[in-house]
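Count the sequence shown with my numbering and you get residues -3 to 298, in order.
In case anyone wonders, no lab produced these hints; they're calculated from the structure. Just so you know, these numbers come straight off a predicted model, no measurement behind them. Fair warning: there could be bad hints in the mix.
Said to hold, decoys possible - Using 27 angstroms as the maximum straight-line C-alpha spacing, the simulated DSSO-like pairs for lysine-lysine come out as follows:
| id | residue 1 | residue 2 |
| --- | --- | --- |
| 1 | Lys19 | Lys154 |
| 2 | Lys152 | Lys118 |
| 3 | Lys93 | Lys19 |
| 4 | Lys118 | Lys285 |
| 5 | Lys280 | Lys292 |
| 6 | Lys250 | Lys292 |
| 7 | Lys202 | Lys215 |
| 8 | Lys118 | Lys280 |
| 9 | Lys172 | Lys118 |
| 10 | Lys175 | Lys91 |
| 11 | Lys118 | Lys25 |
| 12 | Lys292 | Lys202 |
| 13 | Lys215 | Lys249 |
| 14 | Lys285 | Lys91 |
| 15 | Lys202 | Lys152 |
| 16 | Lys172 | Lys250 |
| 17 | Lys37 | Lys19 |
| 18 | Lys249 | Lys175 |
| 19 | Lys280 | Lys19 |
| 20 | Lys118 | Lys91 |
| 21 | Lys154 | Lys93 |
| 22 | Lys250 | Lys184 |
As the list claims (entries may be wrong) - Here are the in silico distance ranges between beta carbons for each label pair:
| id | residue 1 | residue 2 | range |
| --- | --- | --- | --- |
| 23 | Tyr124 | Pro27 | 23 to 33 angstroms |
| 24 | Thr288 | Glu128 | 34 to 44 angstroms |
| 25 | Arg198 | Thr288 | 18 to 28 angstroms |
The beta carbon of each residue, even a glycine, is placed where N, CA and C say it ideally should be.
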Amino acid sequence: METIGIELTRIFVKVIQHGSFSKAADSLKIPKSTVSKAISKLERETGTKLLLRTTRSQTLTASGRAFYETCLEPLQVLEDAQKSLFGKDAIVAGKIKITAPEDLGTHVIAPIIGELSQNFDKLSFELYYTNEVVDLVRDGFDFAVRIGTLKQSGLKAKRIGEVTLIPVASPQYLEKRGKINSPQDLTKHDCLSISGLSVSHRWDLKNKQQTAKVLVSVKTESNQMTSLLQVALAGGGVALVPSYLVKELLQSKKLIRVLPGWSNEGFPVSLVSPVSMSSSARLKLVSEKIFTASQKALSEDL
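Could you build the full structure based on these sequences and the hints that come with them?
Laid out in structure tokens, this is it:
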């Protein structure tokens, strides 16, 4: 087989990253027909179907995915080398696309992006919040921050820390309903819990010496932690929520930590990226910043 042209490969990568021929053409400032012809030529030269195309979308074949992941890193290295000719700062440029769960993304990731935006004028970001596991390669994401045990996915993952859930309530609620002295006292209270998790109706709590499994009466449940916080702030019950969400509320005494020292086992938090993206200068910089700042946010003592 003849050597595959770099330009054909670059066009193919742009199609995958942008999700369509039209957007890839706009990015490269070339006609859409040129993109279409380049993909057809690349498939002829490789002797392999790389994309399954319809009038509205295109999907990577298994061969296309393997080719994309293999060629992405060398192309990025070449692109960085070309940019370095125009000065060091030019390397830290471009768009970074990140996905994360909504609450973690809003309260932990977004402030990090704000700081990066101030320090690097040529960086731009797209944040997509969802609790679903998205396909990073297919949807063109550079990073994902994920909560929970990771499945084998052929992606590069780095453990950041863990999300720990703690019980909290407002001062007015506790004044009205009484102090909570032990985990079993929770059975007498209105509890606020995240829906769709094993912790919804059974709170598994621990401290340094003991564990407790408590069947709670759920007064309000929601698929969004921040909404549970609002209910708790209004005196609606005891909420089991991530510690990173309530640090300032605890410091200001708007919420009180119920059962100090008790929490759940915690859920692992990881920074995930396609293996082939790991050597880019801008991606390394963003990855390191997200990792260190997120680790600090999740590990600070209350």
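Evaluated hints:
With a C-alpha separation of about 31 angstroms, the suggested pairing of Lys19 with Lys154 is violated against the 27 angstroms cut-off. The hinted pair formed by Lys152 and Lys118 meets the criterion: a straight-line CA distance of about 26 angstroms does not exceed 27 angstroms. For the proposed pair Lys93 and Lys19, the alpha carbon gap of about 15 angstroms is at most 27 angstroms, so the pair holds. Among the hinted pairs, Lys118 with Lys285 is consistent with the structure: their alpha-carbon atoms are about 16 angstroms apart, no more than 27 angstroms.
For the proposed pair Lys280 and Lys292, the alpha carbon gap of about 18 angstroms is at most 27 angstroms, so the pair holds. In summary, the hint linking Lys250 to Lys292 is supported, as the alpha carbons are separated by about 23 angstroms, within the 27 angstroms threshold. Note on Lys202 and Lys215: the hinted pairing holds, with a Cα-Cα distance of about 23 angstroms set against a maximum of 27 angstroms. Between Lys118 and Lys280, the direct Cα distance comes to roughly 15 angstroms. Compliance with the 27 angstroms bound is thereby established for this hinted pair.
Straight-line distance between C-alpha atoms of Lys172 and Lys118 comes to about 54 angstroms, which puts the hinted pair past the 27 angstroms bound. Proximity of Lys175 to Lys91 is assessed by CA-CA distance (about 50 angstroms); at most 27 angstroms being required, the pair is judged violated. For the proposed pair Lys118 and Lys25, the alpha carbon gap of about 19 angstroms is at most 27 angstroms, so the pair holds. Pair hint Lys292 plus Lys202 holds up; C-alpha atoms about 22 angstroms apart against a cutoff of 27 angstroms.
For the hint linking Lys215 to Lys249, the alpha-carbon distance of about 23 angstroms falls within 27 angstroms, and the restraint holds. In summary, the hint linking Lys285 to Lys91 is supported, as the alpha carbons are separated by about 16 angstroms, within the 27 angstroms threshold. Of the pairs offered as hints, the one joining Lys202 and Lys152 is violated, with about 31 angstroms between alpha carbons and a cut-off of 27 angstroms exceeded. This hinted pair checks out: Lys172 and Lys250 have alpha carbons roughly 15 angstroms apart, not beyond 27 angstroms.
For the proposed pair Lys37 and Lys19, the alpha carbon gap of about 19 angstroms is at most 27 angstroms, so the pair holds. Restraint check: the Cα-Cα separation between Lys249 and Lys175 comes to about 15 angstroms, which is no more than 27 angstroms; the hinted pair holds. With a C-alpha separation of about 25 angstroms, the suggested pairing of Lys280 with Lys19 holds against the 27 angstroms cut-off. Proposed proximity of Lys118 and Lys91 is supported: the alpha carbons are some 9 angstroms apart, at most 27 angstroms.
Among the hinted pairs, Lys154 with Lys93 is consistent with the structure: their alpha-carbon atoms are about 18 angstroms apart, no more than 27 angstroms. Our distance criterion of 27 angstroms between C-alpha atoms is met by Lys250 and Lys184, whose separation comes to about 22 angstroms. Remark: the range hint 23 to 33 angstroms for Tyr124 to Pro27 is upheld by a beta-carbon distance near 29 angstroms. Checked against the given bound of 34 to 44 angstroms, the beta carbons of Thr288 and Glu128, roughly 27 angstroms apart, lie outside it.
Distance hint check: the CB atoms of Arg198 and Thr288 are about 35 angstroms apart, inconsistent with the given range 18 to 28 angstroms.
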